[in-house]
Amino acid sequence: MDQQSAPRFMTVAEVADLMRVSKMTVYRLIQRGEIPAIRVGKSFRVPEAAVRQLIDAGLSEWSEERQSGIGG
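In the numbering used here, the protein residues as written are 1 to 72.
No lab work stands behind these hints: they were computed from the structure. Treat the hints with care, as some may be off.
To be verified - Between beta-carbon pairs, the in silico distance windows are: (1) Arg-20 with Ala-49: 18 to 26 Å; (2) Thr-11 with Gly-33: 16 to 24 Å; (3) Ala-13 with Gly-33: 14 to 22 Å; (4) Pro-47 with Ser-68: 25 to 33 Å; (5) Ser-68 with Ser-43: 38 to 46 Å.
Where a beta carbon is used, it is the ideal one built from N, C-alpha and C, also for glycine.
Throw the hints in and build the complete structure from the sequences for me.
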């Protein structure tokens, strides 16, 4: 697999820092299946693309609510 096509992974701590939430919140998202992850030994790795999709989906939702006048 070449470097460009290889998926990039983030640690739970990196995801938590990026999203400004606790690591426990990220573990809960993984446990509920809201964000995919693979287990490497005793830790998890989250695909960077999945984190971006989750953030983008949240921003889309927020934008739609603002446009329709809900909550704003």
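Now for the hints, and whether the structure bears them out:
1. Taken as a hint, the range 18 to 26 Å holds for the pair Arg-20 and Ala-49, whose Cβ atoms sit roughly 20 Å apart.
2. Between Thr-11 and Gly-33 the beta carbons are some 19 Å apart, a value that agrees with the proposed interval 16 to 24 Å.
3. With their beta carbons about 20 Å apart, Ala-13 and Gly-33 fall inside the hinted range of 14 to 22 Å.
4. Evaluation of the 25 to 33 Å hint for Pro-47 and Ser-68 yields a pass: the beta carbon distance comes to about 31 Å.
5. Range check, Ser-68 to Ser-43: Cβ separation about 41 Å, and the 38 to 46 Å hint holds.
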